[in-house]
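Asks: Generate coordinates for the entire structure from the input sequences, incorporating the hints supplied.
Chains Y and F, in that order, give the protein sequences. All residue numbers for the first sequence refer to UniProt numbering, where the first residue is 1 and numbers rise by one. All residue numbers for the second sequence refer to UniProt numbering, where the first residue is 1 and numbers rise by one.
It should be emphasised that the hints constitute simulated quantities derived from the structure, not laboratory data. A hint or two may mislead.
Only some residues are given here: those of chain F computed to face chain Y with a beta carbon under 8 angstroms [as the list claims (entries may be wrong)]:
{"hint": "1", "residue": "353"}
{"hint": "2", "residue": "397"}
{"hint": "3", "residue": "461"}
{"hint": "4", "residue": "468"}
{"hint": "5", "residue": "512"}
{"hint": "6", "residue": "530"}
{"hint": "7", "residue": "557"}
{"hint": "8", "residue": "588"}
Between beta-carbon pairs, the in silico distance windows are [to be verified]:
{"hint": "9", "chain 1": "F", "residue 1": "182", "chain 2": "Y", "residue 2": "406", "range": "26 to 34 angstroms"}
{"hint": "10", "chain 1": "Y", "residue 1": "559", "chain 2": "F", "residue 2": "96", "range": "36 to 44 angstroms"}
{"hint": "11", "chain 1": "Y", "residue 1": "52", "chain 2": "F", "residue 2": "114", "range": "50 to 58 angstroms"}
{"hint": "12", "chain 1": "F", "residue 1": "552", "chain 2": "Y", "residue 2": "82", "range": "55 to 63 angstroms"}
{"hint": "13", "chain 1": "F", "residue 1": "50", "chain 2": "Y", "residue 2": "18", "range": "50 to 58 angstroms"}
For each residue, glycine too, the CB sits at the ideal point set by N, CA and C.
Protein chains: 2
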Amino acid sequence: MNAPEKPPFASLLAQACAPFPASRKVHVPGTLHPGVAVPMREIALSNGERVTVYDTSGPYTAPGFTADVRTGLPALRAPWLDARGDTEPYAGRAPQAVDDGDRRDTPDAERLQALRQQAAGLQRTPRRARAGQCVTQMHYARRGIVTPEMEFVALREMGRHEWMQAYGGDAEREARLRGDARGARIPELITPEWVRDEVAAGRAVIPANINHPELEPMAIGRNFRVKANANIGNSAVSSGIDEEVEKLVWSTRWGADTVMDLSTGRHIHTTRDWILRNSPVPIGTVPIYQALEKVGGVAEDLSWPIFRDTLIEQAEQGVDYFTIHAGLRLPFIPLTARRRTGIVSRGGSILAKWCITHHRENFLYTHFAEICEILRAYDVSFSLGDGLRPGSLSDANDEAQFAELRTLGELTQMAWQHDVQTMIEGPGHVPMHLIQANMDEQLKHCHGAPFYTLGPLTIDIAPGYDHIASAVGAAMIGWMGTAMLCYVTPKEHLGLPDREDVKQGLIAYKIAAHAADVAKGHPGARAHDDAMSQARFEFRWEDQFNLGLDPDTARSFHDETLPKDAAKQAHFCSMCGPKFCSMKISQDVRQFSAEQEAAAEEGMAAKSAEFKAAGGALYIPIRPEA
Amino acid sequence: MNAPEKPPFASLLAQACAPFPASRKVHVPGTLHPGVAVPMREIALSNGERVTVYDTSGPYTAPGFTADVRTGLPALRAPWLDARGDTEPYAGRAPQAVDDGDRRDTPDAERLQALRQQAAGLQRTPRRARAGQCVTQMHYARRGIVTPEMEFVALREMGRHEWMQAYGGDAEREARLRGDARGARIPELITPEWVRDEVAAGRAVIPANINHPELEPMAIGRNFRVKANANIGNSAVSSGIDEEVEKLVWSTRWGADTVMDLSTGRHIHTTRDWILRNSPVPIGTVPIYQALEKVGGVAEDLSWPIFRDTLIEQAEQGVDYFTIHAGLRLPFIPLTARRRTGIVSRGGSILAKWCITHHRENFLYTHFAEICEILRAYDVSFSLGDGLRPGSLSDANDEAQFAELRTLGELTQMAWQHDVQTMIEGPGHVPMHLIQANMDEQLKHCHGAPFYTLGPLTIDIAPGYDHIASAVGAAMIGWMGTAMLCYVTPKEHLGLPDREDVKQGLIAYKIAAHAADVAKGHPGARAHDDAMSQARFEFRWEDQFNLGLDPDTARSFHDETLPKDAAKQAHFCSMCGPKFCSMKISQDVRQFSAEQEAAAEEGMAAKSAEFKAAGGALYIPIRPEA
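Replies: In structure tokens form, the structure reads like this:
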């Protein structure tokens, strides 16, 4: 089958921005800070009820909003930043040809020029902390300050206790439904003060660079809803800028809580401008990728000055978190020599190459304090990278992996001394029986800093389906305490994800994250499932589609078998057909039980006779039988 | 997008029968019994190695085999049955019009006649146990007899201990890789005698009706590889016989260990003839579906004589296991009245309707001993149905569900008194934190009989993706001790699965089952993953595709980004591009570490200088950079 010709960018973007069916954007206003209005998606059901769900899609799905990717999103946070008065605009680092990979004469200089021209409307004057100031959310939190970002997050997490109260009369049931938080401490009512305390303790990160004012704040932490990250990014082999912006918007539509721009090809700086200015979610990067571009791809030519320059470049653009592989120490490298698949982290392998060539300690480790100084001036969060994560089941949980993890724990404490927000990256490829140990070791050595894992993949033989093989591990480790799950797409190990892969990967990871929230008993998470189950029981088909993670697909699957509109009101579905519908029968059972209870004293034999006499039909035929 | 026109049956069947790439069918001969030759798939790797994998696809993928669905498969087991001499052919039950749903004049009498004509070549004379004989595998096992079926199963499970020995020199690594069997007792060497003992103890079932001689025997048990079942079957609304046979062959191609025929429409008897005669895997049914057809869909008109007649009809055709909802007792029905989604099992709701109408105990429960007598005469296995399984997270693990489960445990003991093989069905919809309790209760009350669960689904909000939402639960409960996982397709809750859905459902469930085998440490399971990982590390792309669960999809995903043949030998892939390839770098690390070790006394400084001088390239360019 030939792939259909690709639709133009505008049409793809329109698809990504289309409102969800029966949904409208609502804003929950804050009470502490002006301008705090948290967007959520409200789904209207056919029975008049409404279900409100977490919404990562930003202004794109708001009514009347027209996306213009050349001017970017409104700067929601700008007034908050101004009000704090601890930052200053400044000229910023001068742009250099090398930022976009122009190390040598390039055959596409013209194209690059055009792209930059188009991105002209996206330029912002960078800000940084005033001399002597620290502008991180952690810094404020430790001083007892509740920022607008914290209030925003508190409302966004929707710690609604009404739902639990609905089961209040049935203690046994409530206990079953409450979940098993496995050591997480999730309050039923999520307050701005509680968010502040979590950030102050380092148990939660609010990635929010002061140069990314377009951001709708969110939090990553064990006691918060489990989040999902989507990776996008062009590479040397394929992909362009338009495509990456569209993938970004598309990702947030399908629930990406953060997006990592892993671009590695040319135009890396300009691509990032486009992505950041158009992103309502935090953007993460791996700065070593760009640093390596700057030295022409020769790892041993990397140096601290080049890396430092890249950090500042990206911090000024507004990147919200950096993956920094500072835990990959020289003495750990030989521990990987007998592995089946060696070092599979790109960043990790670049640094390993540098270390063994120079036989020197990793410069990210030796310069870690200086990195902290840079990050605190912009409130960039650390995502301490696991450069030695296992690349196969065979290498899971080995000494190389855990030695690095313990080092990340040490670095976390150093970052916190600088008030820099920090999370810890985790694997990778881990069979189910070794997953818990990953969480245990992280909790033991990393002082409560949020864990952010890639999957993990539970088997290695499913290329083309690694989103599923890894969603299993992701759901489990999410329940165990991981705060954010980095998605894996069906193309993992095979090629670059296209937009369909991005969607498939995200939906698999929203499933994993939601399964974890439900199992942990995050208040409010289960209300969504209960609304769906109720719609199923009552044959409200449209509500079932609209409540689903992907309404379009649910509707189209239903219509393949029973396309008629009448079937959407039918009291049966295509699985069983009209005669066998079990949902219908159990409604009869319920009616019977209720009658039975009411008429207990009339005697069961009499009741049975009455029911028989009434001859209650098994189903309501909506059309003559074929 | 319009659905493309459906290709003709012959072409679809040819697709289902095509050999897998780089694979050949091999047969491992038995030593105890003539005619035992266990088919496996051997995958030839480009480095000369071979990997042998479990093969459910039957003769269809054998070289030179031409499928003729009108004559059926060869009767592999016939000589074994003859040799036992404890069965006899007999006239069998006379066919009745009602068997195919011809209760009234049907508009498609002509079509039915044509189908029967075509199925004429599929008629076999039924066998049953001679008077006073019991012909179940459990009966033989308890008498110490190792049947050909048991020998077949032992070879098929591939308890190879060579693989573990490969790690023998590294105790720490071996311990990590060995898995955590969570109470299962899996020997490293699987012998026919061990299989016999498992069957004798009731811990394993070999579903093998004496009237299904085409069957390639397999076992279901906690100490065996975790199996996957695929449901097929037409319904009143859609689907035809051809389609069902093709779905059967297609299912076995993608790894279905057993297939349940859940047909509910017309032609139900004739469909079953086609399926059984063409099936190399055990076939299960839910006889109450056909019994209900015979009484025109009116549940209260069901009776023991009609049900009994249906059991004999299906046992004579060769059905290998029956789902029997005998544990759904009258007193449990009111326990479901306050559920969110009541009774969702089709069989369960039919019987509940019968019970409440007549206000009498379930006739399957009161006639259970007579059912046992029938099943033992044909070696049909019980799959004791969970008619009260939860239909939503909200109803998971409630008293209705567990009351029925305890009853299934009592019935298991009664079945075993008749030497009837028995397994227990389980849920359904269960959040992660309540899954372990399902396994615990089953182990506690069901005396070691194999558990056979549907999923479970871990969330309710993923219509269109329930294969993923349930693969999470399936992998977990498989690791905990469930013996067989009933698949869920993407169409669950929405419509009838087509062939693509069947494939997607099966692959999700092969992932879950394999993840469970790996976590439990089933000997040999991990060898497959290790071969894949090694191929990844060595950039053997063709081997990666061929070792995957779905080679076609893996290859096509790779080719989307890098279609050139040269890229299949490339020492990089499209994810990172040539400059960043981490696999390549870690090969350098390995080489470096090896050199370092060898030359330890020469001093590290000297070595570092030497490596720098050599200037080892980071990658091998295969074409000029773009």
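Asks: Which of the numbered hints above does this structure break?
Replies: none
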